[in-house]
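2 protein chains.
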Amino acid sequence: MASPGSGFWPFGAEEGSAAAETPGTARAWCQVAQKFTGGIGNKLCALLYGDAEKPVETGAKAAAPGAAEPRPTCTCDKKPCGCQKADVNYAFLHSTDLLPTCNGEITTMSFLQDVVDILLQYVVKSFDRSTKVIDFHYPNELLQEYNWELADQPQTLEEILLNCRTTLKYAIKTGHPRYFNQLSTGLDMVGLAADWLTSAANTNMFTYEIAPVFVLLEYVTLRKMREMVGWPGGCGDGIFSPGGAISNMYAMLIARFKMFPEVKEKGMAAIPRLVAFTSEHSHFSVKKGAAALGIGTDSVILIRCDERGKMIPSDLERRIVEAKQKGFVPFLVSATAGTTVYGAFDPLIAIADICKKYKVWMHVDGAWGGGLLMSRKHKWKLNGIERANSVTWNPHKMMGVPLQCSALLVREEGLMQSCNQMHASYLFQQDKHYDLSYDTGDKALQCGRHVDVFKLWLMWRAKGTTGFEAQIDKCLELAEYLYNKIKNREGYEMVFDGKPQHTNVCFWYIPPGLRGMEDSEERTSRLMKVAPVIKARMMEYGTTMVSYQPLGDKVNFFRMVISNPAATHQDIDFLIDEIERLGQDL
Amino acid sequence: MASPGSGFWPFGAEEGSAAAETPGTARAWCQVAQKFTGGIGNKLCALLYGDAEKPVETGAKAAAPGAAEPRPTCTCDKKPCGCQKADVNYAFLHSTDLLPTCNGEITTMSFLQDVVDILLQYVVKSFDRSTKVIDFHYPNELLQEYNWELADQPQTLEEILLNCRTTLKYAIKTGHPRYFNQLSTGLDMVGLAADWLTSAANTNMFTYEIAPVFVLLEYVTLRKMREMVGWPGGCGDGIFSPGGAISNMYAMLIARFKMFPEVKEKGMAAIPRLVAFTSEHSHFSVKKGAAALGIGTDSVILIRCDERGKMIPSDLERRIVEAKQKGFVPFLVSATAGTTVYGAFDPLIAIADICKKYKVWMHVDGAWGGGLLMSRKHKWKLNGIERANSVTWNPHKMMGVPLQCSALLVREEGLMQSCNQMHASYLFQQDKHYDLSYDTGDKALQCGRHVDVFKLWLMWRAKGTTGFEAQIDKCLELAEYLYNKIKNREGYEMVFDGKPQHTNVCFWYIPPGLRGMEDSEERTSRLMKVAPVIKARMMEYGTTMVSYQPLGDKVNFFRMVISNPAATHQDIDFLIDEIERLGQDL
Numbered sequence: 001m002a003s004p005g006s007g008f009w010p011f012g013a014e015e016g017s018a019a020a021e022t023p024g025t026a027r028a029w030c031q032v033a034q035k036f037t038g039g040i041g042n043k044l045c046a047l048l049y050g051d052a053e054k055p056v057e058t059g060a061k062a063a064a065p066g067a068a069e070p071r072p073t074c075t076c077d078k079k080p081c082g083c084q085k086a087d088v089n090y091a092f093l094h095s096t097d098l099l100p101t102c103n104g105e106i107t108t109m110s111f112l113q114d115v116v117d118i119l120l121q122y123v124v125k126s127f128d129r130s131t132k133v134i135d136f137h138y139p140n141e142l143l144q145e146y147n148w149e150l151a152d153q154p155q156t157l158e159e160i161l162l163n164c165r166t167t168l169k170y171a172i173k174t175g176h177p178r179y180f181n182q183l184s185t186g187l188d189m190v191g192l193a194a195d196w197l198t199s200a201a202n203t204n205m206f207t208y209e210i211a212p213v214f215v216l217l218e219y220v221t222l223r224k225m226r227e228m229v230g231w232p233g234g235c236g237d238g239i240f241s242p243g244g245a246i247s248n249m250y251a252m253l254i255a256r257f258k259m260f261p262e263v264k265e266k267g268m269a270a271i272p273r274l275v276a277f278t279s280e281h282s283h284f285s286v287k288k289g290a291a292a293l294g295i296g297t298d299s300v301i302l303i304r305c306d307e308r309g310k311m312i313p314s315d316l317e318r319r320i321v322e323a324k325q326k327g328f329v330p331f332l333v334s335a336t337a338g339t340t341v342y343g344a345f346d347p348l349i350a351i352a353d354i355c356k357k358y359k360v361w362m363h364v365d366g367a368w369g370g371g372l373l374m375s376r377k378h379k380w381k382l383n384g385i386e387r388a389n390s391v392t393w394n395p396h397k398m399m400g401v402p403l404q405c406s407a408l409l410v411r412e413e414g415l416m417q418s419c420n421q422m423h424a425s426y427l428f429q430q431d432k433h434y435d436l437s438y439d440t441g442d443k444a445l446q447c448g449r450h451v452d453v454f455k456l457w458l459m460w461r462a463k464g465t466t467g468f469e470a471q472i473d474k475c476l477e478l479a480e481y482l483y484n485k486i487k488n489r490e491g492y493e494m495v496f497d498g499k500p501q502h503t504n505v506c507f508w509y510i511p512p513g514l515r516g517m518e519d520s521e522e523r524t525s526r527l528m529k530v531a532p533v534i535k536a537r538m539m540e541y542g543t544t545m546v547s548y549q550p551l552g553d554k555v556n557f558f559r560m561v562i563s564n565p566a567a568t569h570q571d572i573d574f575l576i577d578e579i580e581r582l583g584q585d586l
Numbered sequence: 001m002a003s004p005g006s007g008f009w010p011f012g013a014e015e016g017s018a019a020a021e022t023p024g025t026a027r028a029w030c031q032v033a034q035k036f037t038g039g040i041g042n043k044l045c046a047l048l049y050g051d052a053e054k055p056v057e058t059g060a061k062a063a064a065p066g067a068a069e070p071r072p073t074c075t076c077d078k079k080p081c082g083c084q085k086a087d088v089n090y091a092f093l094h095s096t097d098l099l100p101t102c103n104g105e106i107t108t109m110s111f112l113q114d115v116v117d118i119l120l121q122y123v124v125k126s127f128d129r130s131t132k133v134i135d136f137h138y139p140n141e142l143l144q145e146y147n148w149e150l151a152d153q154p155q156t157l158e159e160i161l162l163n164c165r166t167t168l169k170y171a172i173k174t175g176h177p178r179y180f181n182q183l184s185t186g187l188d189m190v191g192l193a194a195d196w197l198t199s200a201a202n203t204n205m206f207t208y209e210i211a212p213v214f215v216l217l218e219y220v221t222l223r224k225m226r227e228m229v230g231w232p233g234g235c236g237d238g239i240f241s242p243g244g245a246i247s248n249m250y251a252m253l254i255a256r257f258k259m260f261p262e263v264k265e266k267g268m269a270a271i272p273r274l275v276a277f278t279s280e281h282s283h284f285s286v287k288k289g290a291a292a293l294g295i296g297t298d299s300v301i302l303i304r305c306d307e308r309g310k311m312i313p314s315d316l317e318r319r320i321v322e323a324k325q326k327g328f329v330p331f332l333v334s335a336t337a338g339t340t341v342y343g344a345f346d347p348l349i350a351i352a353d354i355c356k357k358y359k360v361w362m363h364v365d366g367a368w369g370g371g372l373l374m375s376r377k378h379k380w381k382l383n384g385i386e387r388a389n390s391v392t393w394n395p396h397k398m399m400g401v402p403l404q405c406s407a408l409l410v411r412e413e414g415l416m417q418s419c420n421q422m423h424a425s426y427l428f429q430q431d432k433h434y435d436l437s438y439d440t441g442d443k444a445l446q447c448g449r450h451v452d453v454f455k456l457w458l459m460w461r462a463k464g465t466t467g468f469e470a471q472i473d474k475c476l477e478l479a480e481y482l483y484n485k486i487k488n489r490e491g492y493e494m495v496f497d498g499k500p501q502h503t504n505v506c507f508w509y510i511p512p513g514l515r516g517m518e519d520s521e522e523r524t525s526r527l528m529k530v531a532p533v534i535k536a537r538m539m540e541y542g543t544t545m546v547s548y549q550p551l552g553d554k555v556n557f558f559r560m561v562i563s564n565p566a567a568t569h570q571d572i573d574f575l576i577d578e579i580e581r582l583g584q585d586l
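Each protein sequence line maps, in turn, to chains A and B.
At position 411 of the first sequence the residue is numbered 411 (full-length UniProt numbering), and the sequence of numbers has no breaks.
At position 453 of the second sequence the residue is numbered 453 (full-length UniProt numbering), and the sequence of numbers has no breaks.
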């Protein structure tokens, strides 16, 4: 743990107090593991005891150089022991001893197995509440703590394994049940397995020729997602893109092309001045996209929201009319289903009516809220999404798919292709021997495109739609539990009234010293500092993490979000206790 | 293997002939493996024998439901056997039995271990020349062969493992020594390990807060890459982006912003008409980017190339002058270091002089050729790159890093940030307790950004710069071997004269029936079909894969590229034999 020493810490740092790595859980599990035959019990125990975080003990290895030195059968009675492993001496091996080198099979398998053992241990620890969420160090400390530099000469495989351990030692455990910091949390085991397979398959999405299965799975999965959106028969188009911001940019790009296809060749100079509309609570990527596409951020008009963060349709209509009167061309409304901070759902039906009336492309940014389409109980919040022309939906958020997995869905088929295609003859040969409609790469902005679909597909097979539903319903139930717990609790103020629509719960913690104070400049300036200080302390202790931010005229407040299926009521209770423990003196 | 039956196959399909999976190699290796104690020998043998491609034998499993049923120590003398594994009966288990479920540790570890075993077997097979590069099936066949659909109800973990096996059965072995189809080939073991770790860490690059190590490693690695480019002290800026096309688009975006910063707010309407220049052999992403950014493809002027595919500087200067005379504003020259088809290097010094003279941003698209900077023998081909304002360099191509890994390097620090930042207060809080210069997310177009740096960093540690150099020099040497082999060989015509500059070797194979023919329309129309038919047959046999395309007035020719360190002289010989075997009757 980093030494705080940065001025704001009023009492001694209780080194490791909340995150002491007691082997209690490990011991209990080890007893279970020992029922396994064939040595796997010992292996499991070794993993559970977590000796992988210790530095590699070179001394314990055979000193002779060369790969794969066999050694006599172990007769030790100390458990756990490493007898089950091939005793490969990594101190004398390099990456050049691995495949594709001649006779590299055994060294390779041992090396990859050892990496996997390190990862399995990390995975198990991620879910163990007695471990820290983060072992926080300041950037300069971390740079000095270890030599991260790149050199001319190779390192041994022993050093490579040590690099892996060190990297994980300082990583955030994003799967930890008490990590609430982002919209993407959790670590799904089937998703992880699928991502490992994706890495081993190491291919690109641009043609059926080099990614036959993945191209078909993208087809199957996007169709299913369009069905969930409510487009008849799942018809339409789509793509997995590198994140919600890019998906939103795609939507803007396609909407512009639909209205003025000449923009592709002639650019913005050839078309009238466009304007887009989105709410003041929408994601910053709408403006970012407008800047990139040459539309300009001034042409993104921010529509007012009600006190819950939902776009006000009458204000939207007023601003559209106003823009038209100025001679501008409204081409896109980006509604939000699940805003980033409040988790608000814009009123999609009213917005759809306005888009229809003024013939404007309706995009729904459901990056965060799209997952609720999987829930029979909650999907009404997205009513009207079926009238959208395009939808962003990030399974790597509420559905817990490993990063990255973001889908852009488009109602009109073929538009993406016309908008983006450049007919590269070295990739999209027209005289191939198979059905060329499966060469989908030319509809993307990217050329090479990472395989993001497999983890979603495999998780969907493993859980079924009902499994995703249960997972999502549980997170929403937990958010409601938190809301009920703090709404009338002393020392808490809600940022907005009423039950949360998504899992976002926004609140101020008011430390005892501020509770009696009148609303004043002093109170505001002290309240502003509460969340950042508590958050900093959380990170230094490593016990939990939750986000905070200011918004408009509201000073820093906590934004709690729950997307991790590992979280329980007790973890919510823990968070509240921790906020109070760390904030009592402020 | 798919039944050809598509009309162009003149003789019987020799089922599995070239790709018969003889267990000879496996047997030899198994003997070595048996030297290992503690059962790992048997496990290695099982993997080497490749029984993972057989469907899961449910019958052989214990019938009792529930997790982790222990069974008595195995006494069988049949090797390999599965005795070393915990006998978890996946037929009765679901993803809900895995972590984070209570007591899910052992089931989880067994499941992930079984997935890893499937992957290890795939990895070992990938390098085995007796296995097919691809088990090709037409899209409709593949859709029918297996049920890929997504359902409401969950599948068992047994079915999930089967899904993994099936997916890999039909995947392309992109690491196979005879897979030459794309610029990205090969499967690096350290890179694979690093990608597995990245998946387990499952985080996002936007802030130091949630990716402390990866943010620092991106900083260290980009600085090192800028040093290799030749910028003093490695100064400058950069980012890992989702592929070369996006990196090139970034360059265009930043170049535009540098010249007209008001474009961010006001859009293209507020600035003069811009024009960009790139060669006729450049990558299509330059035009794709111009279309997206609202510049328009008509404003990308294609400069003529010499017969080797290099941009002609005098033509560039002429077109810049011409554009200025028309009142347009030249803002970007995108030179190419390693063109996609010919592997040509534009003359960067001459282009830099012109860019300087006319004050135009010089971008170098070194997506493919950038890797040669690692080679003391070949880096002169990029002389002048140090004068560029920005550089695209894809380590996932010539350096063999797993997909995706593309860097955009920018000489001027801070420009990316000014160009793209939107100050989202929920991510980039200004009152955090650590040095905010490490929160680099706001310089990206993306919000969430996949961790692409770790695999490059770990491979660099494992190989050292000298290891990358050796790997790259070897591929170039192989390309020269191929060139020397076919340049005067009967039945071959080179597309351009002279030794290849990169590993691209472009040639026509002239089947015996065409060799005597005069240059005529008939010959051209028959020659045009040769490469596609040979390629289709290669895929149906699954023996090797190489790309082809037409270019300008040149009909379909083979473009051989070598980026896979697994390839040898024998593999080059095999490719030539295979082309001749499959093309003799055409």
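It is possible that some hints are incorrect.
[To be verified] Covered stretches of chain B, as calculated for chain A (at least 3 residues, CB under 8 Å):
hint	segment
1	245 to 253
2	479 to 490
[Unchecked claim] Not everything, but these chain A residues come out facing chain B in the computed CB check (under 7 Å):
hint	residue
3	Val116
4	Tyr170
5	Lys264
Just so you know, the hints here were simulated from the structure itself, not pulled from any lab data.
Where is the CB? At the ideal position from N, CA and C, for every residue including glycine.
Outcome of the hint check:
no.: 1; hint: 245 to 253; result: holds (count 4)
no.: 2; hint: 479 to 490; result: violated (count 0)
no.: 3; hint: Val116; result: holds, 5 Å
no.: 4; hint: Tyr170; result: holds, 5 Å
no.: 5; hint: Lys264; result: holds, 5 Å
Violated hint for the displayed structure: number 2, the only one.
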